[in-house]
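From first to last, the protein sequence lines are chains A and B. Numbering follows the numbering used here, with no gaps: position 180 of the first sequence is 165. Take the position in the second sequence, starting the count at 1, then add 1024; the result is the number in the numbering used here.
For the record, the hints were derived by calculation from the structure and aren't laboratory data. Predicted, not measured: the structure shown is a model, and the values here were computed from it. Using N, Cα and C, we set each Cβ at its ideal position, and we do this for glycine too. Where hints are given, some of them may not hold.
[Claimed, not checked] Simulated DEER-style distance windows between Cβ atoms: (1) B/Q1122 - A/K220: 39 to 47 Å; (2) A/K220 - B/H1119: 36 to 44 Å; (3) B/V1093 - A/E50: 43 to 51 Å; (4) A/R31 - B/G1179: 31 to 39 Å; (5) B/E1147 - A/A(-3): 23 to 31 Å; (6) A/R72 - B/E1147: 18 to 26 Å; (7) A/R72 - B/E1175: 38 to 46 Å; (8) B/Q1122 - A/T259: 35 to 43 Å; (9) B/G1179 - A/M(-14): 40 to 48 Å; (10) A/G125 - B/M1025: 25 to 33 Å; (11) B/Q1122 - A/G117: 46 to 54 Å; (12) A/M(-14) - B/Q1122: 53 to 61 Å; (13) B/G1179 - A/K52: 48 to 56 Å; (14) A/G139 - B/T1145: 53 to 61 Å.
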Amino acid sequence: MKPAAFEYSRPADIDEACALLAADDGARVIAGGQTLGPLMAMRLARPSRLIDIARIPGLAFVRDEGKEIVVGATTRQHVVENDPLVRAKLPLLAKVMPFVGHTATRARGTVGGSLVNGDPAAEIVLVAVTLGAILVWRDGGESQSIAASDFFLGPMVTALPLTACLAEARFPVWPEPRVGVGFHEINARQSDFAFVSAAAQIALDADGCCTRAAIGIGAATAVPLRLDAVADALKGQRFDEARVRELAKAALAGIEAMADLHASAEYRKRVAVTMAVRAIADAYQDAARRP
Amino acid sequence: MKVELDINRERHTVDVEPRLSLLDCLRDKLLLTGAHAGCEHGVCGACTVLVDGAAVRSCLMFAVQADGVAITTIEGLSPGPGELSPLQDAFCETHGMQCGYCTPAMILAAHALLSKNTSPTREEIVDAISGNICRCTGYAQIVEAIALAAERIRGQNDPVRP
């Protein structure tokens, strides 16, 4: 369990990090190292150089830009977990943070690291896809933006160019007064990788009818899935469990679920429906509590 | 590479290979063997130390990344020679250990919790040590020890120093 030898660089800014990446095919960026560390310990990853971006000034922040909350790539997960702005304006992200790894890994792990790692079971990845976040990277001295739904291509595979470094993630803020969120996941033990997870964010009008919904399923498929058909069908509706279950079942009928030793594809498909119903129920209830 | 490490409020300059984990640096270079090597890939939690007051896994951090941050190991927790911290005392009293392999890490994870929250619920205690595996005790007496230490710290009206 000792990693192979590598060189270590600590660039002064993100463009220098990109230049170091471009100069060495075997180089990898490290921020928190909570996934890369184990991969290197098991020698599943053998980078020739680690480019440590954790201390680059101006890359760790949570910023209110009105319609969006912008989270810097190297912002530690425990910072986001306890951030009052995130709690107030990005309730879905605040809701999932306690499920991201353990306290000890959230103290080191970063939001950007989780996103570029692209694990389909990662809660931050699910929130980015569900809410339609925009990811911004630097490459060759230029910034480029991409929708989260186009960024994640497969398990641990993203559209990030090899010479690029993620700079920030822009999460949309819902301005409606009555917004509620729900999140459920199932795993073998607390905070282990989810077999299936579901996230829901719902806005209600004064009568308790849905005006907008975003629903996502994580860990079941190669990349997190948005259930837009379910979200559209909820518009104008009060919560009706039987109907939501039918909608979720129909939306998940054709998915290509992943299978492994712990959970078969059939199991994941079945449980995804239940997780979705629970997340939606929680989101309705949470929104209904708001004036 | 030379790194400046601040460990238990003492500065050490160590010459390390970049691939050396903070855990191996503590154990092999500085002979601080209280952080234990269990799985060495971030699953068991036996190597937990405090970095700027937060519990982290020293096997998932390279020593070169620890340059300039404040590290606390189990060796730095007692208030003075021959004395025990309230948590260490409580672990002895409730028999919060059997083999002791996970104990330093359990105490540091609990220390990080109690330095922020001296009235944790049972759920908060369980969550704080959920990243630490013990294969002997079944956790009951560990949770009891942390609750007892919290009670004593509240009684002292003297919060745990980070």
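Item to check | Distance restraint hint 18 to 26 Å, applied to the beta-carbon atoms of A/R72 and B/E1147 | outcome: Cβ of A/R72 to Cβ of B/E1147: about 19 Å, so the range 18 to 26 Å holds.
Next on the checklist: Is 36 to 44 Å respected by the C-beta to C-beta distance linking A/K220 and B/H1119?
Outcome noted: 58 Å, violated
Next on the checklist: Quick check: does the Cβ-Cβ distance between A/G125 and B/M1025 fall within 25 to 33 Å?
Outcome noted: 29 Å, holds
Item to check | Consistency of beta-carbon spacing, A/K52 to B/G1179, with hint 48 to 56 Å | outcome: 50 Å, holds
Checklist entry - Between B/Q1122 and A/G117, does the C-beta distance stay in 46 to 54 Å? => result 51 Å, holds
Checklist entry - That 53 to 61 Å hint for A/M(-14) and B/Q1122 (C-beta), does it hold up? => result Because 25 Å falls outside the window, the suggested range is violated.
Checklist entry - Do the Cβ positions of A/R31 and B/G1179 conform to the proposed distance bound of 31 to 39 Å? => result 53 Å, violated
Item to check | Supplied distance hint 23 to 31 Å, evaluated on CB atoms of B/E1147 and A/A(-3) | outcome: 43 Å, violated
Next on the checklist: Please check whether B/G1179 and A/M(-14) have a Cβ separation lying inside 40 to 48 Å.
Outcome noted: Roughly 42 Å apart at Cβ, these two residues keep to the hinted range, so it holds.
Checklist entry - Is 53 to 61 Å right for how far apart the beta carbons of A/G139 and B/T1145 are? => result For A/G139 and B/T1145 the Cβ distance comes to about 40 Å; the hint is violated.
Checklist entry - Does the Cβ pair B/Q1122, A/K220 satisfy 39 to 47 Å? => result 57 Å, violated
Item to check | 38 to 46 Å as the expected CB spacing between B/E1175 and A/R72, which holds or is violated | outcome: 30 Å, violated
Consistency note: the structure conflicts with the earlier hints numbered 1, 2, 3, 4, 5, 7, 12, 14.
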